[in-house]
Amino acid sequence: MTTNARRIGLALLALLLVAPLLGIGAYPMHLMIMAMLWGFIYTSWALMGRLGMVSLGHGAFFGIGAYVVVMLWNHFGLPPLAGAIVAVLASAVLALLIGYPCFHFRIVGHYFALVTLALAEVVRLTIVGLRDSTGGSLGVTPAPGIPAGESASLFALQFSDRTVWFYIILVMWLLSLYVWRRVDRSMTRLALQAISEEEDAAASIGINVPRSKLGVATLSAVMTAIGGVLYAQYQLYVNPETVSGIAISLQIVFGAIAGGMFVTLGPTVGAVFLLLLSESLRILVGNQVHGLDMLIYGALLVFFIIYMPKGILGTWLEWRERRAG
Amino acid sequence: MEFFDIFLLEAIVNGLLLGGLLALLALGLNLVFGVIDVIWICYAEIIMVSMYGIWWLHSVQGAPLWLAFVFGVAVAALLGAALHHFIVRPVLTAEPINQLLVTGGVLFFLQAAATVVFGIEFRNIGIQLPGVSVGELYLSMSRLIAFGVALASIVATYLFLTRTYIGTAIRAISQDREIMPLMGVNASRIYLLTSALGGALAGLAGCLLVLQYDIHPAIGLSFGPIAFLICVLGGLGNLVGGFLAAFLFAQFISVGGFVFHLEWGYVLAFVFFIVMMFWKPQGLFARRQ
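Chains A and B, in that order, are what the protein sequence lines are. The opening position of the first sequence corresponds to residue 1 in the numbering used here, with each subsequent residue numbered one higher. The opening position of the second sequence corresponds to residue 1 in the numbering used here, with each subsequent residue numbered one higher.
One thing to keep in mind: the hints can contain errors.
[As the list claims (entries may be wrong)] FRET-style restraints, in silico, Cβ to Cβ:
| hint | chain 1 | residue 1 | chain 2 | residue 2 | range |
| --- | --- | --- | --- | --- | --- |
| 1 | B | Ala218 | A | Asp161 | 31 to 39 Å |
| 2 | B | Val259 | A | Gly109 | 34 to 42 Å |
| 3 | A | Thr163 | B | Ala218 | 32 to 40 Å |
| 4 | B | Ile127 | A | Glu198 | 54 to 62 Å |
| 5 | B | His85 | A | Leu276 | 28 to 36 Å |
By construction, these hints were calculated from the structure, which means they are not laboratory data. Virtual Cβ for every residue (Gly too), placed ideally from N, Cα, C.
Just need the whole structure built from these sequences, with the hints factored in.
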């Protein structure tokens, strides 16, 4: 990265750090929180996605994160911070359980995408099927945990002040970028890059293919589950159709690809783009014509994949490089 | 055996009937994959569009049902051809996963288009076919019809592929897409034709589904994933494997749903799918290399 770009980046980060103090309204604040939250999740997905492991099953981990925490809190009074640990463990175990045979038996490409898609549906249907405790398709809200007269409860992980959420999610988002860079510079990445290009050749030079893949996939799954926890606690409402299953899984993939899954900030750019797109379409089109925003959304996704397979940021960086070179 | 009661038998028979329908669902998808090597994630949405087409012509415009069915199949065939020409063709040389995702964008597009045009209300063509009693069994007429038509169209497709000149060309392309163009087969025309045929099969599935289910924009999501999994389980592109896998899947859904609850039937089927993938990664009935 050039020093110039670094300076711009630091300035933007500083601006982001003080943004809540500038008295911006509740709605812009909400948008920024959502952009960072989705940025966090898309970045987590892209960790494995760009190495040739295209998972259509991240809705499973997102749903586990969201539901495990809310269920443990509502039914057993387990504080969400403890619940988050359970969710992380559960998603890690699931990722290992699915990932190990997948990578061991070399399930790649279409097959991997569809096996993970089945996983996303299993989680969604399980949540719906357990309707006696999960509320089924109607969704569920975490029991209110903020004591009277106060505005926040760390015990219940509920904060009525958006500023708190802003900083929590900002930290998580920065953390995901850090993880991205660590993975990017590690030996594992080089190994995985080799694997995604030619699996046999990689194995022949002594790379343990299944183990390398499994590590990154588990990391990606766990981070997505944490994203689910944050989503549930911030929105204070979860629904199996929106936090699990095929729809959210595809949204995660598209977000990462639209931004550009091969560059650090790509998935975040994708998150901002999708958010601005859906919000502006919602405002412009209004609610009179149901579905028009999704119509344009779908058309744009198709356009992006055909004409900009490297995503917005990826294409832009490439264009700049070509101009400079 | 007490457990094996008449209701269980009914569930098994219903599973068999469902199997025929699922086999038809998987057939078009498998055909397209086998020939063009692309998975239409939006396959079930093409079925949804054909269902709306049938409903619109029959219930809104008052046309006779047979005409509406022909219309539904034609619309789906046209949509399949258009999908290939405008969306899939440009990415044929791109990364395989981009081909899969681009049709995922079409999924959102078609779902939204249906919402814009028809709204989110549940629609149905208002036809209630009587039930049929066979001995102690009580079966639904629309399921029996769906089963019969599905099997007939599967046989017809099979005969088309094996007995006609074009069918032979389609199979040839699916076996070697590099050599066949050199032998004078026009690959892009075969692709377009296969896509139209895949679409038409989706439309036919729409005709059968419209007899049993209400139509709404998101209906594709409820059977789309099953269709993909059946194809993968049978070995992508393997028509016979997909056919058998459909019946296996249907039994899980029907009997599992009977013993536990509807969703659990699906959960069982999906878990079965994941386990089978580990056992036979290339599908239960993998093509010999």
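Could you work out which earlier hints the structure fails to respect and list their numbers in ascending sequence?
none
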